[in-house]
Structure formats: C-alpha cells, structure tokens
Amino acid sequence: MAQALPRNSEVADQLELLADLLELTGEASFRVIAYRRAAQRARESAGSIAQLALDGRAKELPGIGKTIEEKIVQIVDTGEIAALTKRKAEVPPEVVEFMRLPGLGPKTAARLWHELGLTTLAALKAAAEQQRLRALPGFGARSEERILKALAEERGPAEVRPLLGTGLPVALAVVEELRRGPLVDKVSEAGSVRRRRETFRDLDLIATSSDPAALTAHFVSLPFVVEVVAHGDTKATVISTDGLRFDLRVVPPESYGNLLQHFTGSKDHNVALRERAVKDGLSVSEYSITVVETGEELRYATEAEVYARLGYEWIPPELRENTGELEAARRNELPKLVEQREIRGDLHLHSDWSDGRATLEEMALAATARGYAYIAITDHSYRLHEGRLAAQDEEVARLNELLAPFQILRGVEVNIRADGSLDLTDEELASRDWVIASLHTSFDRSPTERVLAAMMSPHVDCIGHLTARKLNKRPPADVDVERVLAGALETGTFLELNGQPDRLDLRDAHARAAGEAGVPVLVSSDAHRPHALSYLDLALSQARRAWLTRAQVLNTRTWPQIQKMMKR
DNA sequence: GCCGTTTTCGGCCCGACTGTTTTCAGTCG
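Those letters in the first sequence? Residues 1 to 568, by the numbering used here.
Just to be clear, a hint being listed does not mean it is correct.
Simulated pairs of lysine-lysine, DSBU-like, Cα-Cα distance not exceeding 30 Å [claimed, not checked]: (1) 470 - 267; (2) 267 - 149; (3) 59 - 86; (4) 86 - 125; (5) 267 - 59; (6) 125 - 107; (7) 66 - 86; (8) 279 - 336; (9) 107 - 88; (10) 107 - 149; (11) 336 - 267; (12) 66 - 107; (13) 336 - 59; (14) 107 - 267; (15) 336 - 567; (16) 564 - 336; (17) 235 - 149; (18) 149 - 125; (19) 88 - 59; (20) 336 - 186; (21) 186 - 267; (22) 86 - 107; (23) 235 - 186; (24) 66 - 88; (25) 279 - 267; (26) 267 - 66; (27) 267 - 235.
Restraint-style ranges between C-beta atoms, simulated for each label pair [to be verified]: (28) 474 - 223: 34 to 40 Å; (29) 115 - 223: 49 to 55 Å; (30) 486 - 142: 53 to 59 Å; (31) 65 - 223: 52 to 58 Å; (32) 137 - 213: 37 to 43 Å; (33) 179 - 78: 53 to 59 Å; (34) 230 - 330: 35 to 41 Å; (35) 368 - 93: 57 to 63 Å; (36) 223 - 558: 42 to 48 Å; (37) 291 - 134: 42 to 48 Å; (38) 182 - 142: 41 to 47 Å; (39) 369 - 566: 24 to 30 Å.
No lab work stands behind these hints, which were simulated from the structure alone. Just so you know, even glycine gets a beta-carbon here, dropped at the ideal spot from N, CA and C.
Please model the complete structure; the sequences and the hints are all you need to start from.
Shown next as structure tokens:
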C-alpha cells in the first residue's frame, strides 16, 4: 500500500474548522454552510474520502464540488488545506472556542475579539466578571451572567451522548404508559430516538390530547420523573431516574402529522425537504404546508399525508438523514426495510462456558421465547482450549435433543491475534458449525491486514464487530472498510452488525456500504445474559438505518439456507 | 461553495426563543 491516507474524520475536522474560521471572519454564510455540509458528508462516508478525491470522484458525492475536492487533495499532499493554514494565522485559536459556548455564535465571538480585544477564554471570563462586556451595544448584565455560566459548565467533563440502548427502552415504556392513560389520543417518540440514531441528547415525545394541560401535568407526575425542568400547558421537560432528559410536546390533533414529521427530523432531512418544496410553491413548517400562491394552509393528521402532498412516499424514520431517501421516495423506490419478525435466529451468543453470565440452557430457552428457530453458541476461543470445545459439544447435543426442533449450532468467537493469526487450530475450527473472528486487542496494529488475513481462512464464516469501537469509550480501529468489503466478497465471508449498545458495529454507514457491495450482513445480539438477546433489535434498527432489506440480512434465512451461502 | 424537470446564474427552510430593544439580530434545533 502507498502512504497512509488521512482518515475521513481528519478531513471532516479540517473542513469544519475552516468553516468556523470563515464564519468568524465574516465570510458569506452559504460558503460556510457548504463547508459544514461537506464535512458531514466526509464524516459519514464509508469509503476513504481522500482516495475518492485522488481519483477525482469525491465530487460525485452530494455537497462536494470541484473546489472542496481540490482541498481534500491538498490534505493528502501537504497535510493541511492551504486556506486553513492561512486562516489559522489570522484568528487566535481560542476565539474558535468562544463559538462553542452555548448561546454564543460567530457574530458575538467576532465582536468580543475585535471590539474588546479578547483572544482567550481566560480573558473572556475576566472581562465578564469585571462587567466590561456591557460596554458593547446589545450586551447587558444578563449576557455577562450567561457567558460566565457557559464558561463554568465548559470546565466540566466532556459531554457524552447517552446510548440508544439506554434511552429507547425507557422512551418506549413512557410512550406505552401515556398511551394507556385516559388523556392521550395519539402519542409517539420523535427526534433522533425515533430515527434510532446510535446516541441522543434528549428523548422527544409528541402527543395529542383533548386536555393538553392535564396531560402535561400527568406527565410530570409520573414515577420515573425526578426533576421537572419546565412545565407549561403544552410542553414539559423532565429528568428521569436514569438521568435522561425527556421533552413532551402536546399538539393539536389536526396537525399531528405535520408536527411528528417536523420533530422527527433530521434537521438535514427537513431542510432538504423544504428547499425542494419551495421550488414547488409550497412552504413547509411544523404546523402546516402553505400553498404560497393561495395562502391555503394544509394540516394533516398523519405523516403519510404530509409526505404524499409533497410528492413522496412515506419515508421510514430510520432513513431520514438526507442521504438519498428523498430522491428515492420521490421515485417510489425506497427499499422495503428488514423487519424484526423476519429474523429467524441469533448467531452470536455467549454462555458461562466463557464470559457469559448464564448457562447455555438458559440462553437457549431465552432464544426460543423470542421465537427463534436456531442460535449459535459462540463462546470466546481463549476459554475453549484443551478439550473444552468437545465438552461443550456434548452439552449442545443434549440440549438439541431436549429442545428440538429448535437448534443450537456449535460455534465459536475466535480471536484475531496481533499478527493476524487465529488462536484456535484449523482442526478445532473445522469442528465448528459457525465461526466468527473478531479483533479484541492491539487495535492500532494493522487492523485491516489482520481482518483480511482472517477472512482468508476457509473456516472463518463471519467477521465480528469490525472496528471494535466502544461508543463514548474507545474510538474505532482504523479499518479500511472498502478493502474489507472487497475481501469479504472475494472470500465469501459475512460481516456482523453487533447489537451491543456501545458497539453497534458495523456502524450505519458501513453497513449500508456492505449492502451496496453485496456482502450479507449478520445482525446479532452478542448477548452475555438472557435479557441481552434483545440487543439484536438494536442491531436491526441500525440495519434499517443502513437501508438493508430482508435479502441483505443473513439471519432472515433458515440455517440450511445460510449453510448454502457459506464458503465451505 | 454547491446546484439545476424554471436556472450554468442566482438562488440557497422555518419558526421559537432570548436579550436587548422600541422593531430586531443572533442563536438554536
């Protein structure tokens, strides 16, 4: 391989910083927006954006044109965008930090810098304390207080976004609780949790009610509420016992569709939707669609009607990220996304034969309770040396007799060592019905090469949690996903979408690339205890975000059907 | 800076809230 290319995150960071600096120096806002959009596109791109730019194909991505493609090539050639180097010399580095304080934007940051000569956070704090900010027109005592408060909070621990796996069950339980009550007509989760994004900031709920004030009063009195942040007749914000932030908005029934659509987002989806609507003479807001020419206000009780009036088929929330779903929906070409009831089994589970917390039997019974036809028991290889594999096989045989026609497959999760070899012998691997190979250590040591080497083994059926990331804890290993996809196709190896709440790995963009490349994706729980079998639902939600259909998800098939697709 | 079923030039979502103002700019989602 040639020299290491800059990672997508590095490219995105430089574009983002350039946008910040341009904004601070008063550049036209649409240029700034263009750089921000390109940064996001780079961050979400599955393949190497740098490689695409070198090949002259980055400008095929929406939001990236000739100019930005050239700037990405500059990063490859010289390490930094030339314009960024120039701008960095003009703006003191901490002035960029001003903009990150809540309530402070580029205009205010620039004024603090230019009109008061403030260039560091320490100087800003001192000026606010000495009440020197109020000398600026438009600034008062409250502005100073607000900035001091923001500065104090900035010193706290870095903000972490809670995991979908933490918030989703709670959100759904609250929705169910409200639905059972007498005051609610319709209720739904909204926002990023409805789109099943891997993390969230707060949990949004939307409801209709004949008595909105009574409903919000009921909501803030629910047992899970430990703190009421805000409480009005149609809106309430509370903190739950888990420390999660909930927003409930009660809306009129006749525009429930408009509001649910609006509050589900994403922002980018809504902006693109509205830009297109303007061209059609329509103005979209959270309350209605306005026919500009006549002033007619169109309110709809369902989302499907909102999308239909704008010329789209209904778009599943998981797809609403402005990554092609609007164009596809306009042509009636959205994929039929995989559904939970189509899943027939789970091929990544642990028991107390390795680091699981339950017996094999308990795990198997939990799987039958979920309606599965089969599971694979895939305990870690490091605990299955010296005859323990054979011993576990006897236990599997006993349970299979007991639970038939339910079937337990003899699997293993084999470790990919730092040198790319596997820590079980070929004979041991050959004795398995199903083999997952995963990285568990030395993530910075040639992860791509090690995964490619593992895939070359005739016994490895699937690669587990490809990048080994742990959300909020450990960054993803620097895996070249495009090369892995090519290797997977070549060798006939499947890729896993692991459903552990802090993994969700393959991530959505990578799973989508796998689907487009034609690599079957396994959705699995990686459960270490019975209740964790539900993690498969989280994996499934990410598969839906990746546009995957039933056919693209491996374990929508029977075990004999899967066997026919395996390399051996 | 990007983009095209009006357009290769001239556009580029919409409304709520805040703080400081007498009519609005800036910020946020």
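- prompt: Against the structure shown, which of the earlier numbered hints fail to hold, in ascending order?
  reply: Result: no hint breaks.
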